[in-house]
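S.K.: As a plain string of letters, each chain reads:
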Amino acid sequence: SGEAFNVGRFLEETSPYAWAGTGIGLCIGLSVLGAGWGILVTGSSILGGGVRSPRITTKNLISIIFCEVVAIYGVIIGIVYSAKLQHVPENLLYTPHNYYTGYAIFWGGITVGICNLLCGIAVGITGSTAAIADAADPNLFVKILIVEVFGSIMGLFGLIVGLLMVGAAGDFTAAASVSPHVL
Amino acid sequence: MSVCPPYAPFFGFAGVASAMTLSTVGAAFGTAKAGIGIAGLGAFKPELIMKSLIPVVMAGIIAVYGLVVSVLISGGIKPGDYSLFSGFVHLGAGLACGMTGLAAGYAIGLVGDSCVRAYVREQKVFVGMVLILIFAEVLGLYGLIVALIMNTSAIGGDKCPSQ
Chain A
1 SGEAFNVGRF LEETSPYAWA GTGIGLCIGL SVLGAGWGIL VTGSSILGGG
51 VRSPRITTKN LISIIFCEVV AIYGVIIGIV YSAKLQHVPE NLLYTPHNYY
101 TGYAIFWGGI TVGICNLLCG IAVGITGSTA AIADAADPNL FVKILIVEVF
151 GSIMGLFGLI VGLLMVGAAG DFTAAASVSP HVL
Chain B
1 MSVCPPYAPF FGFAGVASAM TLSTVGAAFG TAKAGIGIAG LGAFKPELIM
51 KSLIPVVMAG IIAVYGLVVS VLISGGIKPG DYSLFSGFVH LGAGLACGMT
101 GLAAGYAIGL VGDSCVRAYV REQKVFVGMV LILIFAEVLG LYGLIVALIM
151 NTSAIGGDKC PSQ
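Respectively, the protein sequence lines represent chains A and B.
Mapping of the first sequence onto my numbering: position 108 corresponds to residue 108, and the numbering continues sequentially without gaps.
Mapping of the second sequence onto my numbering: position 69 corresponds to residue 69, and the numbering continues sequentially without gaps.
A few of these clues could be false.
Just a few of them, taken from the derived set where beta-carbon distance is under 8 Å, the chain A residues facing chain B [unchecked claim]:
#1 SER82
#2 ALA122
#3 ILE160
#4 VAL161
#5 ALA168
Result set (DSS-like, lysine-lysine): computed pairs, CA atoms no more than 30 Å apart in a straight line [what the hints assert, rightly or not]:
#6 LYS124(B) with LYS45(B)
#7 LYS45(B) with LYS84(A)
#8 LYS84(A) with LYS78(B)
To be clear, the hints were calculated from the coordinates, so they are not data collected in a lab.
Note that beta-carbon positions come from the ideal geometry of N, C-alpha and C, so glycine has one too.
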């Protein structure tokens, strides 16, 4: 009774293009989500504090730029990964190297996307507190900015790991001869 | 059932991803939570900000642990010559580093936030704060050590039969 789910068969039968496409989509989607979330948290604090202290509005745009940068990281990785998506006919697709590329892009995209998402939220929260501290006392801004810099290195680490993961992964290439499904 | 099936890198890369993303969860939480406390402290005693940046630095170190393990594991995943044994060991190493980094970062965030708020009122708590933060940081270090040990055991794994 019941169904047997064969994990290995599922991983072998799924097209490497499905893995690669999902990875690239998640990479850019989650990075932009993190950037947007950070900008909304920081921006609302800057504008709220700017009602009483209009001088903070220009200097605190740097926090918005820190959040924007994680979206740029997602775009860079998305473009680098998309360059590997070459067309290969279905009967020549299922080679070990193509499987490797598909999995590398999938997990690379998830890594970059989630790291950028978390970095964006952390930088957003810290930027919000920096704006409020700046409104209270202008000398505090540069010191709280140090915390933001520590927050933004996480996005950079995600970018590094994302690039390293696909370092050994070549483009999708056709097999030399027609290969049956490895079952 | 082969020793080196073509889907073995799926698990290896899952290990790389979990090491990086889970430690980043901990590091991001630690940075944000401690940063809120530090900004609040700055409104009252600005001269204490530099010393109270310690929780933020320690949360950043958790992210570095995740980076180190991810880089090491992804260096060992080769296309075409990768056994399922290595895949699962790399997955375990990544989860070990990631989960402990998540726990350590969470602890550093909460401890950092409360301790810097206490540091505003009573400067003698500084030494106690650093001691507690060190104990929280060391949790991430344990995960790093176990991940490194597992990674070295994956290096001496099964050899793939030549295709």
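S.K.: Next, verify each hint and record whether it holds.
M.R.: Verification of the hints:
1. SER82: violated (18 Å)
2. ALA122: At 4 Å from the nearest chain B Cβ, ALA122(A) passes the 8 Å test, so the hint holds.
3. ILE160: holds (7 Å)
4. VAL161: This interface hint holds because 5 Å falls under the 8 Å limit.
5. ALA168: At 6 Å from the nearest chain B Cβ, ALA168(A) passes the 8 Å test, so the hint holds.
6. LYS124(B) with LYS45(B): Distance ~15 Å between LYS124(B) and LYS45(B) Cα, so the pair holds.
7. LYS45(B) with LYS84(A): violated (53 Å)
8. LYS84(A) with LYS78(B): Status holds; Cα separation ~17 Å.
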